[in-house]
Every structure is written in C-alpha cells, then in structure tokens.
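Novice: Which chain is which? The protein sequence lines are U and P, in order. Counting from 31, one number per residue, gives the positions in the first sequence under the working numbering. Counting from 811, one number per residue, gives the positions in the second sequence under the working numbering.
Simulated from the structure, these hints should not be mistaken for lab results. Any given hint could turn out to be false.
Incomplete in silico selection of chain P near chain U, CB under 7 Å [said to hold, decoys possible]:
(1) T813
(2) R821
(3) W892
(4) L898
(5) L901
Covered stretches of chain U (chain P as the covering partner; in silico rule of three or more C-beta atoms under 8 Å from a C-beta of chain P) [claimed, not checked]:
(6) 106-115
(7) 118-128
Since the model is a prediction, treat every value here as computed from it, not as a measurement. Glycine is no exception: its CB is placed at the ideal position from the N, C-alpha and C atoms.
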Amino acid sequence: MVSATANDTTTISLQGLTKSFASPAGPVHAVRGIDIEIRAGETVALLGPNGAGKSTTIDMLLGLLPPDSGSVSVFGRSPTGAIAQGAIGAMLQTGSLIRDLSVRELLDMMASLYPGPLGVDEVIDLAGIGEIADRRTQRLSGGETQRARFAVALVSNPALLVLDEPTVAMDVESRHAFWDSMRGFAARGKTIIFATHYLEEADANADRAVLMAHGSIVADGPTTEIKAMVGLRTIRATLPDAELAALEALAGVTSVERRGQAIVLHCADSDAAIRALLAAYPDVRDIEITGAGLEQAFLQLTGVET
Amino acid sequence: MITFARYEIVRTFRNRRFFIFSVGFPVVLYFTIAGPNRNEHNFANSGLPAALYYMVGLTAFGTMNTVLSTGTRIAGERAAGWNRQLRLTPLSTRDYFRTKVVVAYLMACITIIVLYASGISLGVSLPAGEWARMTGLILVGLVPFIALGVLMGHLLTTDSIGPAMGGTTALLSLLGGVWFPVNSGALHDIAEALPSYWLVQASHVSLGGHGWTAKGWFIMAAWAVVLAFAASWAYRRDTQRV
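Excised from the complex, chain U in its bound form (with noise of 0.2 Å):
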C-alpha cells in the first residue's frame, strides 16, 4: 500500500505529454507537449476550456491512454503501477455506476478490491450520500449518480484522487456539498488533481491552477495569480463618437475594439474602468460589464484567434 502524505516528497510528474487523435479532417493535436510536476499533498486545478485537452491529460495520467511521446510518473511508478497499488482513485468525467447495487453494495463491492480500503461507513460520511446509500443506482437522479460516483472515487482511500469535471450534472447544492467533501479529503492529506472550466470552482477549491488551452499550458501557478491573469471583464456600451486610442487610455482597460455604435472595453480592473469612462464620457449609454469567460481570457493571454 502506497501511503504518500504532504511529508512526503514524492511527486507526480507528467513530461512532455503529446497525443493526437486521427479524425477526418486530419490529426487533432489534443495536447501538444505538456509538462506538470506536482508534489504531495497539493490541489491542483486543470483549468481550461471544453476542448483544451484536460480530460487526454487525464486519461494520459491515469493510464487509460497511452501518449505518443513523453512520460508519466506517479508516486515513481508508472500510472498502471501505481493503480495496481491502489494508490489512485479517480472520477471520469463520462460515465455512470452499473445497476442492481444499492450504492453501500457497490461501494462494499469496490472496497473489496483495494489493499486499505475506507469503511463504507466512513466514504458514505465523507461523501455525504447518507440519504442515498442505500437506494438502487438506477434509482439515482445525475447530481446523486455523480456524488455517489465520487464516494467510490474515495473508497480506495487513495494516495491520488483525479477528478475529471466532477460537478457536471449537479445543482448549485450539491455542488457545495461536493467541494465541502472534497476539501475534508484533501486536509488528510491527499494529493488532488481535478479538471474545470470554471474559474470559481479553481479559484475556491485549489491551491494551483495550471492553465490549459489548444492542448498547452498558458499558465501554471497560484490560483490568486491565476485568478487575476483570467479574471478579466468586458465593458460593453453605446458611445458612437469616442477615439479608440483616448479609451484605451482609461485606467483599468487593456484593450478596446468598436462594434458598430458599440464599444467594447477589455479590462483588467473593470471597477477603475467604469469610474474612468463616466468621468470622460457623461452621456455613454446602455453599459454592460459582463465576467469575460474563460474561452475569452484565453483569446486575450494566448492571443491565439480559434
């Protein structure tokens, strides 16, 4: 049995990851050359958006597909090692429980399976699926699918939990739920990696976030910087007659484009922005401040036009 701790110094190391998948229009560079080093006992947020080659990485870590080039190393095994140790548990972003189990059966049944285990008891706790333990998996609504899923993520007592969009299919409650149990797992100890497209649930939930887009790593540190690089918000409002170049000296925006009437202002403190572009401009109409996206705060740190 693996036992790594936040003592330890293991790591798990992913280098030079690629893989490409044939499609008919030609290869698809799913993940171009990555490399991730990660030490024990951190919560590491993938964050990028659908398509970025989280869930390749993933699998890749994981074990379930094999890279074209480079290499995995988890706790100094390979990833199919380190699973036959029971060192790994994991949530795949796809998938649902086999049926005719109740959920304590089949957490029982997959508890089995592990060299030290959890007590059922203690996953159902942990995962907070009381209510549910003991109804048949078809009877499931998605949100109870996904968190009855994680408990037998966590059965395994792993070294490693890998969490591939875990809060797809579940309500804003269960959500909480979710990330509250999650964060008990990680104050043992643990070592997480989960995968995102959602800045709050990075920024709220890890201690690094490393960035993923077209296959790459943008950017790869502490959520707070992550946060402030991808946090960025767009002004958009009705002012025909303003030049360019005097808004884009506003405090607070980095970037402008003109849409018809429109303008539309990228900024990295919207707060600033919005007092700067009353004060010059009085008479500007119909303002919109919206959060830019992720898919938009790649645009803006990759400058790559998909």
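Position chain P against the provided structure of chain U, taking the given hints into account.
Specialist: This is chain P only, laid out in the frame that chain U set:
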C-alpha cells in the same frame, strides 16, 4: 475478489430479464415443441426420444443465451464507463475474466437444472452416469460461448449487440440442430464445424458412446482457444471512452 464476485452474482439475480430470456423462454419452447411429441421414441431417426432430444437442444439453446448474455452485460457496463472505472482498480485482467466466467457458469447451471427438471416431467429418464457425462459435456461445451460473449461485449455497443446476439444464437442453434437434427448433406458438414452442434450432441451420451468424437473435441478446443485469445485482445484494446 470473492466479495466482488458475490456482488456480480447478486446483480445478475436481481435482473429479471435474465430469468425471462435465459430460463423462462427455453422452458416454454421446450414444452411447446417436445410436449406434443413426448411419446416419440426415435425422433427423426436420431435414435433418441423427442423429450430427451429437445431437452438437450433447448438446454443448449438456453445456456448459449445465458452465457452469451455476459456480452450484453459487458456492453452495458462499457456504455456506463464502468470498465474504465474497473481499470483504475487493482482488479487484474485475469480476475476480471474469472469473475465473468464464474457468473456465466452459475447462471448456466440454473438454466440446466430447470430444463432437466422439465425433461424429467416429460418422461426423460437416464442412468445417473449418463446425466453426469452429459452435463459435463455441456459445461465444457460452453467455454467457446463464454469467450464469444466477452468478445462481442467488448467489440459491440449496447445498440448493436442485441441484434448481433439474436442473429448469432438463431443461426448457431439452427445449424447446431437445436430445432431438428442436422444429419446429412452440406449443412451437416458446416454444422460439424460449429460449437453449437457439439453442444447439442451432448445428448448422444445416451446412445452409449462418449457423445463427442475426437473431431468434436478438436473443434471445441479450437473454438475455445481462438475465441479466448480474441476476447482477451478485445478487452485489452478497449480502454477508450465509448
């Protein structure tokens, strides 16, 4: 491993479709076909009473359906992403297959017991040794079908496996002689090369022979080896998202 297999069995037994198609269906067919011919003692010149002939024929049909349904369950598990989940556990390929085989045999035994009981109710009577030898041959004869089920389960999707299974069992049972003896001609030559033919031939133990000729053993072994290799190949390559 034992706990894992136990829950696999529990799961199977909670599935009503299994009992309807693998047990209920062959029993109903047996009484429908063999019932009116229960006094026929040399059925279609096979030297066997109709009640015995169809008991083994429908046991072959039922057990074939039963063990091939392993494939239907595998396809369902793949669609649920479950086989990818299992790959993330220390469960070895060998233990995975072992569990599938144990569950398939257990289910097949239920089919066999129910069909034998139905046969006895229509007057089938054999010495204990012949019951045992016949059962042994049927159990051995199921090996290629279990491998075929696993193979199809890993190659096909939940949408395609139903028709594929239906077609396969219909053809194999027809040519294997489940519905009427395939005694001569080109059809017989083809039939002899199929595992279902020898499964049905298990009833020939009551003719005093061994049931299977050397050729029969060779053909069964060949099917078993080829399909088992194909099945483990299909399992190993099947790691992608479905």
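Novice: Taking a Cβ-to-Cβ distance below 8 Å as contact, does the stretch 118-128 of chain U have at least three residues touching chain P?
Specialist: holds (count 9)
Novice: Can you confirm whether chain P covers the stretch 106-115 of chain U, using C-beta to C-beta distances below 8 Å and requiring at least three such residues?
Specialist: n = 3 at 8 Å, threshold three: holds.
Novice: So, P:W892 near chain U? Judge it on the closest CB pair being under 7 Å.
Specialist: 5 Å, holds
Novice: Holds or violated: P:L901 as interface residue toward chain U, Cβ cutoff 7 Å?
Specialist: Status holds, d = 5 Å.
Novice: If you take the shortest Cβ to Cβ gap from P:L898 to chain U, is it below 7 Å?
Specialist: Since chain U brings a Cβ to about 5 Å from P:L898, closer than 7 Å, the hint holds.
Novice: Next item in the hint list is P:T813. Is there a CB on chain U closer than 7 Å to its CB?
Specialist: Result: holds, 4 Å to nearest chain U Cβ.
Novice: Does P:R821 pass the interface check with chain U, least Cβ-Cβ distance below 7 Å?
Specialist: For P:R821, the interface hint holds, since the closest Cβ of chain U sits about 4 Å away, which is under 7 Å.
Of the numbered hints given earlier, the model fails none.
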